[in-house]
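Peer 1: Residues per chain, in single letters:
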Amino acid sequence: MTKDFALTTTSHPGDVCVISLAGYLDAHTASRLEEAMQTAISGGCRKVIVDFAELEYISSAGLGVFMVFIESVRSDGGDIKLAAMKAKVFTVFDLLGFPVLFEIYPTVPEALEAFGPAA
Amino acid sequence: MTTANNDIPILTVSATTERLADVRDFVRARLVGLGFTEIEEQGIVLAVDEACSNLIRHAFQNDASKTFTVAVTATDADVRVEIRDMSPAFDPCCAGLPDMAAYFRDRRAGGLGILIMTRVMDDIDYHPSGNGTPFNTLVLTKHRSAR
Chain A
1 MTKDFALTTT SHPGDVCVIS LAGYLDAHTA SRLEEAMQTA ISGGCRKVIV DFAELEYISS
61 AGLGVFMVFI ESVRSDGGDI KLAAMKAKVF TVFDLLGFPV LFEIYPTVPE ALEAFGPAA
Chain B
1 MTTANNDIPI LTVSATTERL ADVRDFVRAR LVGLGFTEIE EQGIVLAVDE ACSNLIRHAF
61 QNDASKTFTV AVTATDADVR VEIRDMSPAF DPCCAGLPDM AAYFRDRRAG GLGILIMTRV
121 MDDIDYHPSG NGTPFNTLVL TKHRSAR
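Residue numbers (my numbering), protein chains in the order written: chain A, 1 to 119; chain B, 1 to 147.
These aren't lab readings, by the way, just hints derived from the structure by calculation.
Treat the hints with care, since some could be wrong.
[Claimed, not checked] Computed Cβ-Cβ distance ranges for the label pairs, DEER-style:
#, chain 1, residue 1, chain 2, residue 2, range
1, A, E103, B, A102, 12 to 22 Å
2, B, L34, A, P117, 43 to 53 Å
3, B, I10, A, A114, 40 to 50 Å
4, A, T10, B, D25, 26 to 36 Å
5, B, E18, A, E54, 15 to 25 Å
6, A, G116, B, A64, 19 to 29 Å
7, B, D7, A, G44, 50 to 60 Å
8, A, S75, B, F135, 43 to 53 Å
9, B, I10, A, S75, 47 to 57 Å
10, A, S75, B, V139, 14 to 24 Å
11, A, E35, B, F135, 33 to 43 Å
12, B, V32, A, P109, 32 to 42 Å
13, A, H12, B, D78, 44 to 54 Å
[Unchecked claim] A few chain B residues that don't get close to chain A, going by computed Cβ distances all over 12 Å:
#, residue
14, T67
15, D76
16, D78
[Said to hold, decoys possible] Restricting the straight-line Cα-Cα distance to at most 16 Å, the calculated cross-link-like pairs of lysine to aspartate or glutamate (EDC-like) are:
#, chain 1, residue 1, chain 2, residue 2
17, A, K88, A, E113
18, A, K86, A, E54
19, A, K88, B, E40
20, A, K88, B, E38
21, A, K3, B, D25
22, A, K86, A, E56
23, A, K3, B, D22
24, A, K88, A, E54
25, A, K3, A, E54
26, A, K86, B, E40
27, A, K88, B, D91
28, B, K66, B, E18
29, A, K86, B, E38
30, A, K3, A, D76
31, A, K3, B, E18
Please read all numbers here as calculations on a predicted model, not as lab measurements.
Glycine included, every Cβ here is placed at the ideal spot set by N, Cα and C.
All chains, please: the whole structure from these sequences, using the hints.
Peer 2: The following block contains the structure:
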């Protein structure tokens, strides 16, 4: 059944959080990502990396979660960086032009490095 | 899943987002062997997911007591996904599509489902209920002529 979705949040030095996604992110599961993002940001995380390595599917409901938070995070001097997407997931981001607004990295370590030495 | 008189499988879905996975599985299974690439298959599945998400959330307000149906038919020329419902009519073909430059500039969220449908499918047709037909029908078509 293509409905399983899981996520884990890990904290790193320098106010960095990595939110790792797995499974299927759709209109049913997007609220769980929104809650995790809210929790991380409310807890002081300003540099968010979303690890897509195990994510198999995303719909517009999933894309919308990143739009909800990007302004507040950037206004606090942080960012949401995306990493390790499978081609089929990147295709959905690219279809609507999301790479214009979001930095997308091949790997999580590269996204961490992009946040600078404090990260 | 039921079968129509002409043996086309029809999935009846309760109007809750929990059932979106069933819709995706149903559609994906019917695309196997039709010659689409994995990315093309995913695009069709995504378009149907977006259509059903809109229906469930906006037309049916997540009321799981309501239902709609999904059917997939394939010919040599194309694949057609028909979604039928009895909610108040809403024609996605008439909805304004977002300007993505303004969308990103204004940091909007939501409202991208119909745009996705238009970008991955070749045709979108909507037939509202009336004239003796009790249900609305949304038809998403992807051509196979290029393969």
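Peer 1: Taking the earlier hints as the rules, which of them does this structure contradict?
Peer 2: Hints 6, 10, 17, 27, 30 contradicted; others consistent.
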